[in-house]
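Chemist: Respectively, the protein sequence lines represent chains F and C.
Heads up: the first sequence is residues 2 to 261, going by our numbering.
Heads up: the second sequence is residues 9 to 354, going by our numbering.
Treat each hint with caution, since some may be false.
[What the hints assert, rightly or not] Each pair of labels, with its calculated beta carbon distance range:
1. ALA147/C / ASP207/F: 35 to 41 Å
2. ASP51/F / ALA346/C: 38 to 44 Å
3. ASP197/F / ALA147/C: 22 to 28 Å
4. GLU199/F / GLU27/C: 20 to 26 Å
5. ALA126/C / THR241/F: 56 to 62 Å
[Said to hold, decoys possible] Straight-line C-alpha distance at most 27 Å; calculated DSSO-like pairs for lysine-lysine:
6. LYS222/C / LYS254/F
7. LYS339/C / LYS239/F
8. LYS222/C / LYS148/F
Just so you know, the hints here were simulated from the structure itself, not pulled from any lab data.
Just so you know, these numbers come straight off a predicted model, no measurement behind them.
Cβ coordinates follow ideal geometry from the N, Cα and C atoms, glycine included.
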Amino acid sequence: MKIVVCIKQVPDTKGGVKFNPDGTLDRAAMLAIMNPDDKAGLEAALRIKDEIGAEVTVLTMGLPKADDVLREALAMGADNAILVTDRVLGGADTWATSTTIAGALRNIDYDLIITGRQAIDGDTAQVGPQIAEHLGLPVISYAEDIKVDGNSVIVKRQYEDRYHEVKAQMPCLITALSELNEPRYMTPGGIFDAYDKEVTVWGRADLKDVDDSNLGLKGSPTKIAKASDKVRKGAGEKVTLDAAESVTYLMDKLKEKHVI
Amino acid sequence: MGLEEYKGVYIYAQQVDNEISSIAFELIGKAKELAADLNTDVTAVLLGSNVKGLVDELAEYGADKVIVVDDPELETYRTEPYAHALASVINEYKPEIMLVGATAIGRDLGPTVSARVATGLTADCTVLEIGDFPLNPVAGQEQKHNQLLMTRPAFGGNTIATIACPDNRPQMATVRPGVMQKLPKEAGRKAEVIEYNPGFTPNNRYVEILNVVKAVGSVENIMDAKILVSGGRGVGSKENFEMIKELADVLGGMVSCSRAVVENGWLPVDYQVGQTGKTVRPNVYFAIGISGAIQHVAGMEESDLIIAINKDEDAPIFDVADYGIVGDLNKVVPALTAALKAELGK
């Protein structure tokens, strides 16, 4: 079977966050990692490959330096890698991003597409279901377990207070939770091989059945009115006292605030 | 597309097991404010099987109209029949704003529907207001009035962005549960009820539900707590959480935790506060042995009163705490519990 895993290079949110003058994120200025939910999705695909055999292709849309996460995926065990990159794709919201990725996926054979549930920079969880919509595929979001059963997949779909065990016909799209598994490490041999492998690079011209009016910043229905660093409330009082004094201090404050 | 054809503020009235989720009432509360600014009314869209009996409750919380799609295909949530139902309602009735809860259902339904009706969607909003886009006039660009301005945190809570959807309708947002206020229930209030059925023809996108497995026992929801006593890695062990629980009990609060605690297997994920857990805003939040990583702070910093206990005086949690104790939680917490017991006569 053929599996495509959509991955995203994301800024590590523990580092600083920088903006371009137009309010969009200056991704070039930040440290970059493979998005955790996507990495779990890749691991799920590699486990299917280990168990029943599969060809695993990773695909990303991003700046040329997103090549790094594709190499990491190859080193973990992916077979092929595709980078979709073009200036005209920049500044895309989830609609334009999902349109772009769907346009790339129309060039590839697949039985199963796996994306992460959400990326740690935008946290929207929108691109996976939107890709499925553009391609007319069944979608199962929030997967915490994936099993292949003939031409179908059986997935544990997480909700707040329950899960559904859901069966879908392939081809279909699944969005993976990072709780799904513990991703494997790259092997030294894998890292060596990863730099020998070709990464296929696609631009705007390689996207199939996509209109220019749906791409990039201009093709994004949502527009940023303003973006800013969060203004946090300042620190309050901090005291260093022994345990008994600490308790007296806290009891006074809890009374003062009418908690007790 | 004639944008002016689109009128009214619509909310998706999520129900699970034929019980309306709290988020639906919260959305109505916010929608009423937006509708007042736009001089229009609020419509709740109710999808399900045998759900007509839920209409009055939506009316009592402020819905002016309720569109009901009642069909056996909608018995249990599945993306496809639900997306078909909601997208059909949008295409038929043309709302100017469509709000959906940012729940495990809404964060699946919202993106699917927005792609189907070809409009923008802003995720996990915490502030919604009506205003101009661009915010200030820009030479050579039309400034549109009466736009939905959607504000959301991003980047693990490091940034906030305000987003508009000026050229597509409806303007769609998912909204974080627990952030908007529901209106007081007005007994006997009625809404105009519109029954609508777009027809359902199962296809390859209708998945099969083999099993519905509910969480064992009644998981208390930390988002409902007025007082949360939250423990982190510094608590040290699963056994030590008993001390956190005793403090919560004496205060009539609930226990919650940071991600490290879940990763160590000391508490289930339902109790996790933060970026990958739940967003809470209790009256009082105790952060005990929690260093205060940005991902945790993003989920609790809106709490009214934050009290931190940590042995590391440089822990970032002290940057958001109203009152911080630098000290040994193993000594302070039991002593505080004992003092509270004495004070409260327990």
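Chemist: Does each hint fit the structure? Answer for all of them.
Modeler: Verification of the hints:
ALA147/C and ASP207/F have their C-beta atoms about 37 Å apart, which keeps the hinted 35 to 41 Å range intact. Between ASP51/F and ALA346/C the Cβ separation comes to about 55 Å, which falls outside the hinted range of 38 to 44 Å. The hinted range of 22 to 28 Å is not satisfied by ASP197/F and ALA147/C, whose Cβ atoms lie roughly 53 Å apart. Evaluation of the 20 to 26 Å hint for GLU199/F and GLU27/C yields a failure: the beta carbon distance comes to about 54 Å.
Take ALA126/C and THR241/F: their Cβ atoms lie about 59 Å apart, and the range 56 to 62 Å holds. Distance check on the hinted pair: LYS222/C and LYS254/F sit about 41 Å apart at the alpha-carbon level, beyond 27 Å; violated. Taking the CA atoms of LYS339/C and LYS239/F, the gap is about 18 Å. The hint holds against a cut of 27 Å. Restraint check: the Cα-Cα separation between LYS222/C and LYS148/F comes to about 20 Å, which is no more than 27 Å; the hinted pair holds.
Checked against the numbered hints listed earlier, the structure breaks hints 2, 3, 4, 6; every other hint is satisfied.
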